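Undergrad: Here is how the chains run, residue by residue.
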Amino acid sequence: MSLKINDVSKVFGGVVALSDVSFSVEPRSIFGLIGPNGAGKTTLFNIIAGVFKPTRGSIMMDGRHLENEPNYLRIDRSIARTFQNIRLFPNLTVLQNIVVGMHNKLRCAMIESLFRTSRWRAEEASARERASELLDTFGLGDRKDDIARSLPYGEQRILEITRALVTDSNVLLLDEPAAGLNNVESARLVDFIRMIRNKMGRTILLVEHDMNVVMKVCEHLVVLDHGVKIAEGEPCEIQKNKQVIEAYLGRKFADEAGS
Amino acid sequence: MTRAHGFASAARFRAPVFVLLLAAAPFFIGNDYMLHVLVLIALYSILAESLNVIVGFTGQFSLGHAGFWAIGAYVSALLMIRLGMSFWSAAVVSMAAGYVMGVLLGLPAMRLKGDYLCIVTLGFGEIVRIFATNLEVTRGPMGIPGIPMPEIGGFSFDSERSMYYLCWASALATMYVAAKMRHSRFGRALMSVRDDELAAASLGVNMTYYKVHAFGLGGMFAALAGALYASWTTFISPDVFQFSDSANIFCMMILGGLGTIAGPVLGAFLLAGLPEVLRQFAEFRLIALGLLMIILMIYRPGGILGSYDTVGAVKKVRRRKIDREVQGTNVTQNK
Chain A
118 MSLKINDVSK VFGGVVALSD VSFSVEPRSI FGLIGPNGAG KTTLFNIIAG VFKPTRGSIM
178 MDGRHLENEP NYLRIDRSIA RTFQNIRLFP NLTVLQNIVV GMHNKLRCAM IESLFRTSRW
238 RAEEASARER ASELLDTFGL GDRKDDIARS LPYGEQRILE ITRALVTDSN VLLLDEPAAG
298 LNNVESARLV DFIRMIRNKM GRTILLVEHD MNVVMKVCEH LVVLDHGVKI AEGEPCEIQK
358 NKQVIEAYLG RKFADEAGS
Chain B
2 MTRAHGFASA ARFRAPVFVL LLAAAPFFIG NDYMLHVLVL IALYSILAES LNVIVGFTGQ
62 FSLGHAGFWA IGAYVSALLM IRLGMSFWSA AVVSMAAGYV MGVLLGLPAM RLKGDYLCIV
122 TLGFGEIVRI FATNLEVTRG PMGIPGIPMP EIGGFSFDSE RSMYYLCWAS ALATMYVAAK
182 MRHSRFGRAL MSVRDDELAA ASLGVNMTYY KVHAFGLGGM FAALAGALYA SWTTFISPDV
242 FQFSDSANIF CMMILGGLGT IAGPVLGAFL LAGLPEVLRQ FAEFRLIALG LLMIILMIYR
302 PGGILGSYDT VGAVKKVRRR KIDREVQGTN VTQNK
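Just so you know, the protein sequences line up as chains A and B, in that order.
Sequential numbering of the first sequence, starting at 118, is according to this note's numbering.
Sequential numbering of the second sequence, starting at 2, is according to this note's numbering.
If you are wondering where the hints come from, they were derived from the structure by calculation, not from laboratory data.
These numbers come from a predicted model, not from an experiment.
In this text, a Cβ means the ideal position worked out from N, Cα and C, and glycines have one as well.
One should not assume that every hint holds.
Here are the simulated DSS-like cross-link-like pairs (lysine-lysine), alpha carbons at most 30 angstroms apart as the crow flies [as the list claims (entries may be wrong)]:
no., chain 1, residue 1, chain 2, residue 2
1, A, Lys-369, A, Lys-121
2, A, Lys-316, A, Lys-121
3, A, Lys-170, A, Lys-222
4, A, Lys-170, B, Lys-114
5, B, Lys-114, B, Lys-181
6, A, Lys-170, B, Lys-181
Distance windows between CB atoms, simulated [as the list claims (entries may be wrong)]:
no., chain 1, residue 1, chain 2, residue 2, range
7, A, Phe-129, B, Pro-276, 52 to 62 angstroms
8, A, Asn-185, B, Met-143, 46 to 56 angstroms
9, B, Ile-120, A, Arg-305, 23 to 33 angstroms
10, A, Gly-131, B, Lys-114, 40 to 50 angstroms
11, B, Ile-299, A, Ser-235, 28 to 38 angstroms
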């Protein structure tokens, strides 16, 4: 269940987006990936999620190389993700969105739905039941027959995370989960993320700009700047780290903080 | 808010009524001409519904659907004439041929989107027609006459009425498959690819597989329409399967309601039926139909039965945004 990033580099044409980044994510941790704009967080995130292949280096999950696998196989390796700009299936209902998340667990072929076999009926019923239960838990129960695009932004975010959860993946990659949320919504998000880890035992890796959220929820941080890992540690250490302050605020502030 | 639910229960109520009406219609329609038009509508229903699997469910544009239609017609006609196969086995083989051709056409679709895919599929339709015009076995522009009628245990489908039942049974079967497909793992995967390819892949949906098979299924049912058409008219030639037919089928699907089950059939009634009914108005009917299309696309972009309520959705989002700002919460705080 442990995810390891070994010496990952990524070059786009002449631009070095990442150079030799390594770290490992412990099981059941809430792990944050931060850094100023253009630091390479999203590139790294996309490499872990299988959207890009690294130029060099490897991504390992339980001793298995993932860097050359296509992105749709990440679910089979127990890695699920959400997106920075929320990517739901806007024309499907809330419930259908969740059931698509069970894609890899459903077994019935299309032909069985034509003849309405008992196996198909049982499978559909249990999928619906499980989806409804999960939606009830996260307060979206009375919205399950609504078209997904009609939900307010905050609920769309929760729905997207729920959809990733229903895949039963051990590792959850969250790409800027607090983006676009107001204070109340992001406080709810922090509780939500903690609950996912505490009650469901998932590992969470998140990329985030909102430092309030990061410092509240993350237990371990990796800081990137210009494609290089400049610091790693617990949030309280990172907050005092001179290099991190310099990367975010400039040398002047770093000197003041150091003195 | 519960639109999706409402549509489903309405469909459950309407489907038997529709089937009963179709079954009873020949007893009230005396002349063969009207039945002839209704058979044509049945065939176009199959074509529009099968195109709907590709475009409406999976979101892959295709402007070469007449190509599959032609393949089905030619394969079935040649098997019956040259090899003496029965209509039924010839139809099954032609459906298999349609599936294979769909998969082959779907392969480039993996890499292409939108306009580019349109060009490729358009090219496919033309290639099929040009092959039919130039090959020896298809007798080129002379076409294939004397295609046998379907027969079963001594009963021949040689009357307009018997073909009416056969073609509508096939059309209803196609509708049934499309309707059931939406509630299967397979159909949901198609719709997820349509709505967001990247999100679908992140949930383990192998996009390539589903796109290719959507083309396969679409091609298969279009080929069935082709086999029926060949035996119904007993004569086919390359002129029948023009680009304008592909475009027409596409319009039926859009007009009726993209991604719905009844929509493409309604579109077939309007675009294949109305020009026949309004024949006395000669060329004016085409102008009227064109106008109808324009007006519909402006006021109901999702089609007559469409659930893509684009205008409503935009309004709703805007209202929610205002609500949030009124409550004193700042939406753009983090960005």
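Undergrad: Each hint: holds or not?
TA: We went through each hint and held it up to the structure:
1. Proximity of Lys-369(A) to Lys-121(A) is assessed by CA-CA distance (about 35 angstroms); at most 30 angstroms being required, the pair is judged violated.
2. Simply put, Lys-316(A) and Lys-121(A) have alpha-carbon atoms about 24 angstroms apart, close enough for the 30 angstroms limit, and the pair holds.
3. Annotation: proposed proximity of Lys-170(A) to Lys-222(A) holds, straight-line Cα distance about 27 angstroms (limit 30 angstroms).
4. Our distance criterion of 30 angstroms between C-alpha atoms is met by Lys-170(A) and Lys-114(B), whose separation comes to about 22 angstroms.
5. Distance check on the hinted pair: Lys-114(B) and Lys-181(B) sit about 27 angstroms apart at the alpha-carbon level, within 30 angstroms; holds.
6. Restraint check for Lys-170(A) and Lys-181(B): not satisfied, since their Cα atoms lie roughly 38 angstroms apart, outside the 30 angstroms limit.
7. Between Phe-129(A) and Pro-276(B) the C-beta distance comes to about 54 angstroms, which sits within the given range of 52 to 62 angstroms.
8. Restraint check, Asn-185(A) to Met-143(B): a C-beta distance of roughly 55 angstroms satisfies the suggested window 46 to 56 angstroms.
9. Our hint of 23 to 33 angstroms for Ile-120(B) and Arg-305(A) is violated, since their Cβ atoms are close to 48 angstroms apart.
10. A hinted range of 40 to 50 angstroms for the beta carbons of Gly-131(A) and Lys-114(B) is inconsistent with their spacing of about 28 angstroms.
11. Ile-299(B) and Ser-235(A) have their C-beta atoms about 47 angstroms apart, which leaves the hinted 28 to 38 angstroms range violated.
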